[in-house]
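Peer 1: Just so you know, the protein sequences line up as chains A and B, in that order.
Numbering-wise (our numbering), the first sequence opens with residue 1 and increments by one.
Numbering-wise (our numbering), the second sequence opens with residue 1001 and increments by one.
Just so you know, the hints here were simulated from the structure itself, not pulled from any lab data.
No farther apart than 27 angstroms at their CA atoms in a straight line, the calculated lysine-lysine pairs in the DSSO-like style are these:
hint: 1; chain 1: B; residue 1: K1093; chain 2: B; residue 2: K1153
hint: 2; chain 1: B; residue 1: K1121; chain 2: B; residue 2: K1211
hint: 3; chain 1: A; residue 1: K122; chain 2: B; residue 2: K1006
hint: 4; chain 1: A; residue 1: K122; chain 2: A; residue 2: K163
hint: 5; chain 1: B; residue 1: K1184; chain 2: B; residue 2: K1153
hint: 6; chain 1: B; residue 1: K1006; chain 2: A; residue 2: K163
Examples of chain B residues lying across from chain A (beta carbon under 10 angstroms, computed):
hint: 7; residue: F1004
hint: 8; residue: R1005
hint: 9; residue: V1008
hint: 10; residue: R1009
hint: 11; residue: D1010
hint: 12; residue: Y1012
hint: 13; residue: D1013
hint: 14; residue: A1014
hint: 15; residue: Q1015
hint: 16; residue: P1018
hint: 17; residue: L1022
hint: 18; residue: G1029
hint: 19; residue: R1030
All values derive from a computational prediction rather than experimental measurement.
Cβ atoms here follow ideal geometry from the backbone N, Cα and C, with glycine treated the same way.
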Amino acid sequence: MQASRAECPPLLLESALPDPAPTEAELLQSGFRYALALTHHHEEAEDLVQETWLNLCRRYGRVENRAVLFTALRNLYIDQCRRRKLVHFDSLDDAEINEVPEVLVDEPCVKGEIAALLGQLKPGEREVIFLHYYQGHTAEEISQLKGQSRGTVLSLIHRTIAKLRQLGENAAGAVARNQLLLFFVVLISMAFFLIP
Amino acid sequence: MSDFRKQVRDHYDAQSLPAEKLEAILARGREAAVEGEKTVEFPATKKRSWARYAAAIAAAIVLALGGTWWMKRDVGEVSLAALPPRVIEFFAKAPNLHEAIQDKTELRNWLISQGAPADIKIPTSLQTLQSAACSVVDVQGRKAYLSCYVREKNSAGGVELIHLLVARSEDFYDQPRGREVVVKEEDGWSFASWTEGDTIYTLATAAPKEKLEPFRPQAGLPVEKQRHLSGLEAAVSGMAALAR
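The following block holds chain B by itself, in its conformation from the complex (with noise of 0.2 angstroms):
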């Protein structure tokens, strides 16, 4: 111990209270105590808890995670609108298509097997026709599975088809939501465009958009209520749910 540090205890020790002051003081302290206006608690400590912060991490790290999955969920790499031009384009240049199934069922799961939605559903509309092909469609690297019917026989003893290309709806935005039908006419084709549930269903047909009209849903087709929610209709609902 210092010289300095010594003096200083030194001259501080020696320095105390009178006991009877102290006393005093004491039993003050303890009336007041009692007799205090009011007592309130003292102010927590504040606890610096790691434990807080690194849950605060997680939390954010989770949440970012969370939004980042929701995003490419929702959001395709691909828009809806390039599949029309592309299946002008596939049928232009004469495809190599795989041979007709006739049983739907059978077809159904063809287009299961070569990765389609497990869920799909061939269209009511569609059951009845006959099958003319079908096959696997590459847009910009999505795929969109394709199977082809006969629509109707035309005089020259020709066939008109119609095609039902099924896709998925993470692999592509601006795709309809729910019941809306979305029908567009492009150099001499129709395509009616809607949504079930995680698969967008699309009719193709080689005509003008009337022919198209004894096969959209709003003529008989069955389209689930089940509505494709996007992430703040989803975030909305689950919240909803909750609290309830």
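So that you can see chain A by itself, here it is in the shape it has in the complex (with noise of 0.2 angstroms):
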């Protein structure tokens, strides 16, 4: 396990927030949103925000925002990982950053169902999806909620793209070989009726 845990939630993500006071309900639904991201599995990502919930409520009486949430899901579900000894995070501490561009690709041009594409996709590569792509973070906010640095969080988010439009362009050509193969099926059990 190569990520690290945030000491304390990120400031920066508050202030990005649509809503600076969501409700206890939207604050739960974000989290479990947040863990399903992590997680890609329904129930799962209910236990680890409800955990998660409980464990804020017990400690410090109510759940302050989103920031506080999302930092502290992250951590009990690294946690989690480590007591299973579950390896889902990759270091790209030694991932070439410097060629990574400033400005992220707002048309990603992904093909496929993007269910399937997200389960195919490592934790830490959904979360910077979602983070990004859903909560409109900036590298700079998701940066200091995994506790990386901004080029790493911006290399990540690339490469989870290009991952993504191959596993789209993979999805997309078995389709059509699947459909070739069904075409040349039917030709063939058409031409055994047709042919006396």
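Join the two chains, each given in its own frame, into one complex according to the hints.
Peer 2: The following block contains the structure:
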């Protein structure tokens, strides 16, 4: 497990949130979606967000904001992965980040069914896609949450988009191959019926 | 909104906790908050206040200026050791002196008018002596205010003089501290220096040091109890005063 636990709630995340004071239900729902981005498993995400929520209530008496919830949730998920000796996160410390463009791609041109594609990603990759494309956070804000450098986050986003694009093309190619195969099967079947 | 962003948004918007589950978690959270083993406050939000940085910089500047001021105040640019040779040299070249002022109050006022410290006192033992002359001596750019008195008349009909030189302590370093009287003999001259407040007094005569004995502070010259404090001593005493 190379991912690092965030020590304190990121500050910039809050400033980027559209609603500065979401209700408890909204907080919990957003926490669940973040948990789902990490686990990509509905029941596991439910358990994760529930345990995180109760921990925070027990410790602080309430859940202060989304940044606190996300940070606690991420830390708990990393702890659970460590206990299970699961290694999901890749270290990007040695990644080549010098060539990463500053502006993220707005039109990633990813083809295919998104749920299936996300399921093939690693938790860290799904996490940045969720935070950037769903929550709308910048690379700087994500870097605060993850405790990584901005360049590392940018690199991760670009690599994930490239991976999704590749997965989408592979999936589309598989569909085309299957359709072609089906066409030949139908053709041969018809030939059997038509030829006396 | 890009197509991919819309797909991601639609995907996660479609995922939500069931209402019953959500209510159950919220309810359990409220119970946990009440029955929690310990409740601690959220860590205080770090506020990056530029005012604090500005205050720190201002404090550093004030400290630097204060330190510089103390150094300039306590340490003059010229050593007091330069005074005796300058006095000998001054009298060796038949100096151009101001005429004698016999009234000691008037003499004191004349010295002050030339730039001497306003709190100077002509020692009691010199008050009764006849004035011989007065002047201002330049010691490497710093001023020493000179008044001459007739110490005794010799058998040949001439006079033996004793000289009082007054200088600001801020103009010199190596000056004696407080009651300490530094006696020095040089080229047949004798010098006795001491400090009162911010003023350095030096008695000089072209004779052995024994001739100065009757005029030194220990022999009856008043030395104020006020000590000239070094920078460190002043800081310590200042802190002690504040503590009181």
